[in-house]
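Protein chains: 2
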Amino acid sequence: PGQSDRRLEELSVDFPVSVVLPAGGTGERTGLTTPKQFCSLSGRPLISYTIQAFERVSWIQSVVVVVAKESMDLMADFIQRFQHRKVRVVPGGTTRHRSIWNGILALGEVEGFLPNSVRPKVVIIHDAVRPFVEEDFLIKIARAAKEHGAAGAIRPLVSTVIATTSEGFLDHSLERAKYRASEMPQGFTYDIICQAYQRSSEYDFDFGTECLHLALQYCGTSAKLIEGPPSLWKVTYKRDLAAAESIVKDALSKSTCVVTGGSAAAESFAGDLQKTTELNMEVHVVPDLNRDNSSKVLKEFNFILVSVNSFDLSALKSTLKDLEASNQAVLHPLVVIWVYLTTSDEPSCISRTTAEVKAFTDVASEAKLRNTLIYGLQLPRTQDSECWRRSVLKFAEITSALVRERSFALVGQLLQV
Amino acid sequence: PGQSDRRLEELSVDFPVSVVLPAGGTGERTGLTTPKQFCSLSGRPLISYTIQAFERVSWIQSVVVVVAKESMDLMADFIQRFQHRKVRVVPGGTTRHRSIWNGILALGEVEGFLPNSVRPKVVIIHDAVRPFVEEDFLIKIARAAKEHGAAGAIRPLVSTVIATTSEGFLDHSLERAKYRASEMPQGFTYDIICQAYQRSSEYDFDFGTECLHLALQYCGTSAKLIEGPPSLWKVTYKRDLAAAESIVKDALSKSTCVVTGGSAAAESFAGDLQKTTELNMEVHVVPDLNRDNSSKVLKEFNFILVSVNSFDLSALKSTLKDLEASNQAVLHPLVVIWVYLTTSDEPSCISRTTAEVKAFTDVASEAKLRNTLIYGLQLPRTQDSECWRRSVLKFAEITSALVRERSFALVGQLLQV
Ligand SMILES: [Mg+2]
Ligand SMILES: [Mg+2]
Numbered sequence: 001p002g003q004s005d006r007r008l009e010e011l012s013v014d015f016p017v018s019v020v021l022p023a024g025g026t027g028e029r030t031g032l033t034t035p036k037q038f039c040s041l042s043g044r045p046l047i048s049y050t051i052q053a054f055e056r057v058s059w060i061q062s063v064v065v066v067v068a069k070e071s072m073d074l075m076a077d078f079i080q081r082f083q084h085r086k087v088r089v090v091p092g093g094t095t096r097h098r099s100i101w102n103g104i105l106a107l108g109e110v111e112g113f114l115p116n117s118v119r120p121k122v123v124i125i126h127d128a129v130r131p132f133v134e135e136d137f138l139i140k141i142a143r144a145a146k147e148h149g150a151a152g153a154i155r156p157l158v159s160t161v162i163a164t165t166s167e168g169f170l171d172h173s174l175e176r177a178k179y180r181a182s183e184m185p186q187g188f189t190y191d192i193i194c195q196a197y198q199r200s201s202e203y204d205f206d207f208g209t210e211c212l213h214l215a216l217q218y219c220g221t222s223a224k225l226i227e228g229p230p231s232l233w234k235v236t237y238k239r240d241l242a243a244a245e246s247i248v249k250d251a252l253s254k255s256t257c258v259v260t261g262g263s264a265a266a267e268s269f270a271g272d273l274q275k276t277t278e279l280n281m282e283v284h285v286v287p288d289l290n291r292d293n294s295s296k297v298l299k300e301f302n303f304i305l306v307s308v309n310s311f312d313l314s315a316l317k318s319t320l321k322d323l324e325a326s327n328q329a330v331l332h333p334l335v336v337i338w339v340y341l342t343t344s345d346e347p348s349c350i351s352r353t354t355a356e357v358k359a360f361t362d363v364a365s366e367a368k369l370r371n372t373l374i375y376g377l378q379l380p381r382t383q384d385s386e387c388w389r390r391s392v393l394k395f396a397e398i399t400s401a402l403v404r405e406r407s408f409a410l411v412g413q414l415l416q417v
Numbered sequence: 001p002g003q004s005d006r007r008l009e010e011l012s013v014d015f016p017v018s019v020v021l022p023a024g025g026t027g028e029r030t031g032l033t034t035p036k037q038f039c040s041l042s043g044r045p046l047i048s049y050t051i052q053a054f055e056r057v058s059w060i061q062s063v064v065v066v067v068a069k070e071s072m073d074l075m076a077d078f079i080q081r082f083q084h085r086k087v088r089v090v091p092g093g094t095t096r097h098r099s100i101w102n103g104i105l106a107l108g109e110v111e112g113f114l115p116n117s118v119r120p121k122v123v124i125i126h127d128a129v130r131p132f133v134e135e136d137f138l139i140k141i142a143r144a145a146k147e148h149g150a151a152g153a154i155r156p157l158v159s160t161v162i163a164t165t166s167e168g169f170l171d172h173s174l175e176r177a178k179y180r181a182s183e184m185p186q187g188f189t190y191d192i193i194c195q196a197y198q199r200s201s202e203y204d205f206d207f208g209t210e211c212l213h214l215a216l217q218y219c220g221t222s223a224k225l226i227e228g229p230p231s232l233w234k235v236t237y238k239r240d241l242a243a244a245e246s247i248v249k250d251a252l253s254k255s256t257c258v259v260t261g262g263s264a265a266a267e268s269f270a271g272d273l274q275k276t277t278e279l280n281m282e283v284h285v286v287p288d289l290n291r292d293n294s295s296k297v298l299k300e301f302n303f304i305l306v307s308v309n310s311f312d313l314s315a316l317k318s319t320l321k322d323l324e325a326s327n328q329a330v331l332h333p334l335v336v337i338w339v340y341l342t343t344s345d346e347p348s349c350i351s352r353t354t355a356e357v358k359a360f361t362d363v364a365s366e367a368k369l370r371n372t373l374i375y376g377l378q379l380p381r382t383q384d385s386e387c388w389r390r391s392v393l394k395f396a397e398i399t400s401a402l403v404r405e406r407s408f409a410l411v412g413q414l415l416q417v
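So the sequences go chain by chain: G and X. The opening residue of the first sequence carries number 1 in the working numbering; numbering runs sequentially from there. The opening residue of the second sequence carries number 1 in the working numbering; numbering runs sequentially from there.
Bound conformation, chain G alone:
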């Protein structure tokens, strides 16, 4: 086969794959009372991001989430609220290995499970608290597991590993180059992982840490080790939640869609915005979100809606309807910046009446209930070009901050450029 054929072959997974996601941990190390897999990132639990990472992969047929009995209802509620479709929830055991084994047994009960799902050829085991795993890496793990029986992610060691004496002194340090950290995901053929667990002792179930080790010990299967990206890291401490949130917010802040309503003044402003480097986002410009532009709605998380010389909220309301119809806000809060652009020089542009401000605030409060965050921004179109350039810069600076932060507390505020 030619080079491009081989590349295609490497990219495809043409056998059934299911996922087991043990999520029974109690999260002691985060210093939080909520187990870390259930901690909220921008209004959604961490585990929902991890589930989403698998659901968007077309060749993965199902995800079994294993949770503590007392979390079954909470998990079922998450599945419904965030509209997960490939998931089944099963109760966990007293240890990690018992939980994983419960998940694998559930995969064997083909009946009563998801429609069109069959017993998997390969099972991928992952941590609920590693939400940023990507399809290209899952392909490598799934294919290596099918070929070798078992496969696992590794990373270089970040610290020197040392052996200590029983009195707490340095005995010796290991040569870093010879060792690796074992991470997740790992993959196994269904037969190998079943056999390994069937042959495991009670001691293994209670104290063992590595599935790879069980496959080696009980099936003689030496796992293929594949170096994964740094994004595979495990959310362990409270600070890791902040790091994860920052990654999610980065991903949501890559572009914005300016809706001009067809106005020339708004289009000119959008053009100036596209030239600004201060915004740090791609800027797409459309007249509205109907018909041909509706595909924009499905890719965007940020919208700038320009209203020229009129504090009229009808265009804002109709845009909100379009966004609601798209179902975009289920997984991430949307940001809508409503720009009130005035082209006359009368000073009243800054002071709005109480009734006007209240009408805007009411629309914003209502949209917030549906995970859509509206902020207002008053922008006078000055004639002086240097003054206008500064206004566009300031607009870009404020917009970047609003889009990046996605603050619920500041929803409905009418800001000034």
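Be careful, since some hints might not be right.
Since the list can't tell identical chains apart, any single copy or any two copies may satisfy a pair.
Claimed, not checked - No farther apart than 25 Å at their CA atoms in a straight line, the calculated lysine-lysine pairs in the PhoX-like style are these: (1) K146 - K299; (2) K238 - K249; (3) K146 - K254; (4) K249 - K234; (5) K234 - K178.
Calculated from the structure, these hints are not laboratory results.
Chain G is fixed; fit chain X with the ligands onto it per the hints.
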């Protein structure tokens, strides 16, 4: 000695200690172009936080920062801007060990260094990218180093460590309980670390990773290993910068000082704020920042300044003068929330004149240049008690967000409750 004497003894370090901070790294792993020790957290480079962690410890006499030759000017600029007093900057070598050795040699040149500084008994070596090291742990390291010749921080392993075959398959996994990750800080008596480097080979200087290993190999000194807290972690990836920023922002958001100007309405509002759970901060109340209350200025990073029924900026301006005199804003941006509290029911409270808004914005823009972030918040004192309760909640929600985010982009905005 009694138990309290022993406790006191454990807490004290009565011998000279200096620090070497190698900061020559290039930060390839962060995915950023700036080396990570120079990356900005809330407007200040990471390394300045690390220096601050040592400067605030009374028994540490000096910190030698070792940087790449091309960063000497940048580092000198940081020292001046952030008013570091115990620091000397020296150029690094081509490897980490050569840089550390340069730093130790600089400590030996007592002449021309800091006043009152002597040759140290113990040298602490730390990473510039571990900013959250605390005094209690430094005491343990310094005392153990003096007693045993060498001491180092360790942490439990976060992942299973595995050995791989040359073909990339699992060979065996290490028993986790027997091994530890070696971290920083480490401490050595001056004599031991000098002897170890004097006996080191060129190969050690070029490829060695662990000072502890050199002390063992060349001086027969087996380091005392001490388990450190998770906060010792090393800022390595871009996501770690977000985690570090979140820790800094948490520390800056623990309390706020309400300045009432002595008004009864403002005092009543401050009392309501103290009862709100939504604020997540301690609330201290003072009439002004003069005389007896000036000590508050030196501990607070957040201020709420209440102006009753008057859009008069003079109290704001005088508070800014007090803050500037305190020099508080050198290390962290201060937040000042200027509350315009209206007790009449006339609707004009929402619409301010252009001139008023501009005067406020100008004061805020000027203060921003001195690292003080002013936001305005209009708050009508409604008669209806349920309505007022909701207003206080909303105020608390917005204030928490402003204090937590410390946004430069939103400075000078006049928000509505
Ligand atoms: Mg990944
Ligand atoms: Mg610490």
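>> At most 25 Å between CA atoms: does that hold for K238 and K249 within a copy, between copies, both, or neither?
In response: both (17 Å within a copy, 13 Å between copies)
> Is it within, between, both or neither when you check K234 against K178 at 25 Å Cα-Cα?
Replying inline: Classified as both: same-chain Cα gap 23 Å, cross-chain 22 Å, threshold 25 Å.
> For K146 vs K254, is the C-alpha pair at or below 25 Å within one copy, between two copies, both, or neither?
Replying inline: neither (37 Å within a copy, 53 Å between copies)
>> Within a copy, between copies, both or neither: which one fits K249 and K234 at a CA-CA cutoff of 25 Å?
In response: Cα proximity of K249 and K234: in one copy and across copies (18 Å, 23 Å).
> Given a CA cutoff of 25 Å, do K146 and K299 count as a within-copy pair, a between-copy pair, both, or neither?
Replying inline: neither (34 Å within a copy, 61 Å between copies)
In this structure, the hints that do not hold are numbers 1 and 3, in rising order.
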